[in-house]
Amino acid sequence: MTFTKLLAGAALVALSATSVIAADTVRMGTEGAYAPYNFINDKGEVDGYERELGDELCKRASLDCTWVTNDWDSIIPNLVSGNYDTIMAGMSITAERDEVIDFTSEYFPSDPSSYVALAGADASATKGTVAAQTATIQAAFVAESDATVVEFATMEDTIAAVRNGEADSVLADHAALKDIVDASGGALAFVGEDVSIGGGVGMGVRESDKELRDKFEAAIASMKADGSLNAMIAKWFDGRKAGY
Amino acid sequence: MSCFDTFTSYALRSIGIGERLLPKTDFTLCDQVVLIGSGMIWNVYFAVLALTLGFFFAVSLALGRSSENPVFRIPARAFIFVIRGSPLFIQFFLIYEAFVLIPKMGWDIHLGFIEITVETKWLTKAWLGALITLFLNTAGYTANIFYGALRSIPKGDIEAALAIGMSKRQIFWRISFPTMLRLAWPSYTNEAIFLFHATALVFFSSFPAWRQEGDALYYASYFADKTFNPFVPYPIIALYFICFTLLIITLFGYMNKRLNRHVAPNN
Amino acid sequence: MFEYCTDPKLIEGFQWWSCYLSNGKHMSFYFSFLVVLSLLALTVPFILLFGFTGALARRSTFAPFRWFGTIYTSMVRGVPDIIFFLFVPIAMDQGIEVIRHKIKCSDWPEPIRQGNDFVVCTAAKMPLSSSAQWVHETYGFMLATIAFAIVFGAFAANTIHGALGAVPKGQLETGAAFGMSTGQIFRRIHLPQMWVYALPGLSNLWMILIKASPLLFLLGVEDIVYWARELGGSKTARFAYPHGDWRLGYFLFLLVFYLFLTWLSEKFFDRIMHKLSRGQNTAAGMS
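Chains as they are written, first to last, in our numbering: chain A, 65 to 308; chain G, 30 to 296; chain F, 1037 to 1323.
Calculated directly from the structure, the hints in this document are not laboratory data.
Don't take every hint at face value.
[As the list claims (entries may be wrong)] To give an idea of the chain F side of the interface with chain A (calculated C-beta under 8 Å), a few residues:
no.	residue
1	1060
2	1270
3	1272
4	1273
Quantities reported herein were computed from a predicted structural model and do not represent experimental measurements.
Every residue gets a Cβ at the ideal spot worked out from N, C-alpha and C, and that includes glycine.
When you get a sec, could you build the whole thing from the sequences and use the hints?
The following block contains the structure:
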């Protein structure tokens, strides 16, 4: 195919209307790398607490939903750009995020952040070199404290740093660390005291999308009212009592 | 904070001098420009050192590659092949994992009047570990460019030199090496630019940022994350890179003119 | 894939491996290799196109073309591709949607930019929200191809420009002496001879392009590095196939893949170089 034909074809595709009359599909954006909130299971599908919750909320709001994964760093800019319509990615409700997008009420209580170090370390590990994932609230917290912060690109790298001695401890969300500590077979342990940074987890929507937010808000409220939200949290987070 | 205050607090933040905490709210354009500019110090550091050291290593590799002696040719060929064959991201990862395995110990080096302690734990730090990776990377690519240029030297020049009675060594330094540089220079300029741009990947890959000291892209991402608006920090860092790249192109352009001073102009 | 894979906890050894390596996630991993290879294949003609346009523009006697050529090769080469890819696809995506919005919903009362948000009418969204996921992914892939082509085209322009200048003047003068027109000289002498000088640089560019393919991940395209990281990270008992940190294994596999691709490319370029060097007055032509 000559180049001009290719160009013309592409232009045609861009400008033509694909006549699909369907219920407006709501695209749910998530990260897919944060068990147990959201992860990609061995079949290659989005799975986790937020997947199950999101599907249930869509059912209650009578919406047709599909799931999309997006890298964490660009998840808010892509929502604002319109690539998808909601964010359900273990995102804590913070004042700075609230300035840019809107949140529904929380569907998961505020999770403390904990320090994890090699088994046998004492609380001084929290004051030495602390590893954290780049651009997380934990990294900002450690930077403000007296400890030396080392930022890694992924959660995996932060844990590896503790294991190989690059860092004395790692600070991250308790729920995410618990799975890892349990699976380490005694090599890793929680140390020091938990700290509370960031609010509960809520669903992010664009500020201009008030109708969508209200629909999901109503669905969340109904799940809190009939206790199904508490049951789901207990299922995914080792029997944790959420108290909604 | 006025812009002048921001400048004095953050201009050298990327190497640890200045205000300890990064700005958290009310980001001004001045904050972003100064902090991202401060991060460029790392990028320039990596580029200058990796290119300079890599140049010399690349010349030896290119000679080794075109040597008739398999003891030189085969290792050179293998090294160039592996380096050109793998993405930088994977090179960073594998080299970081290898360095992490080296036991952490120091050696004392007595240099007569001073004594320095060289620590192996420096290898896992970006300033040394990433520099080594970039050095090896640019040497591999440059060696290939130089090798191709060596093969493109006009036969006539070498035959004329032999006819005059120049020794092999003289032929290399007076004919082959300058001609190789001249032929390779446009592609080498490209490689220099790629290397400079690749320095932006250091803190996105395995090497961690200590005490929030990172390069320009590290700070640009910091601002993009905090303001949720990529349309300010990324154009700022793009402009910085464009300016430095134009500088590289100009400097390499002067060298190109000098290398081609004996060649007839094209038009 | 096999019947005994329904409960991975009950199997071990070879059976576990055969199930693990054929689970849904791994299938996506294998598919992503095809995605990467098709991106590479699709970008090459565009890169050569942009490269030649830029190089010829820079050599042009008509000043505006020359300025365009110089600006293209300098400015696009001036920005690291990672930044280009973080920025340009969003800008292009929004640009296309704005044009479609103006055509389809010209009577839309609200502004497109509302505060931070970018809102266009539903019919103008590209691709439509109701389209299947594969449409979205293909669209993202096309944006990536164009972004790659623009960036690498600028570098190709530089190499081609240098190569056009490296052809010995004597060759062109001989053509003029024979009475050939400028067009004939260019087509019959300059261009064919240029390839010998351009190939080392262009082959280098191809190698760099292969290695730049991991940047697809930044554009939301799930490429091989994305899957290697995802599959290699340690998996707790929550997953069907728990394992430790296997990233080293996956990355070594990627290394082998890339080395194989490089080896194939080198063989290919060596062949072409050998053919083009025959009869050339260079050190390589001696053999």
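- Task: State the violated hints by number, sorted upward, taking the hints as numbered earlier in the document.
- Result: none
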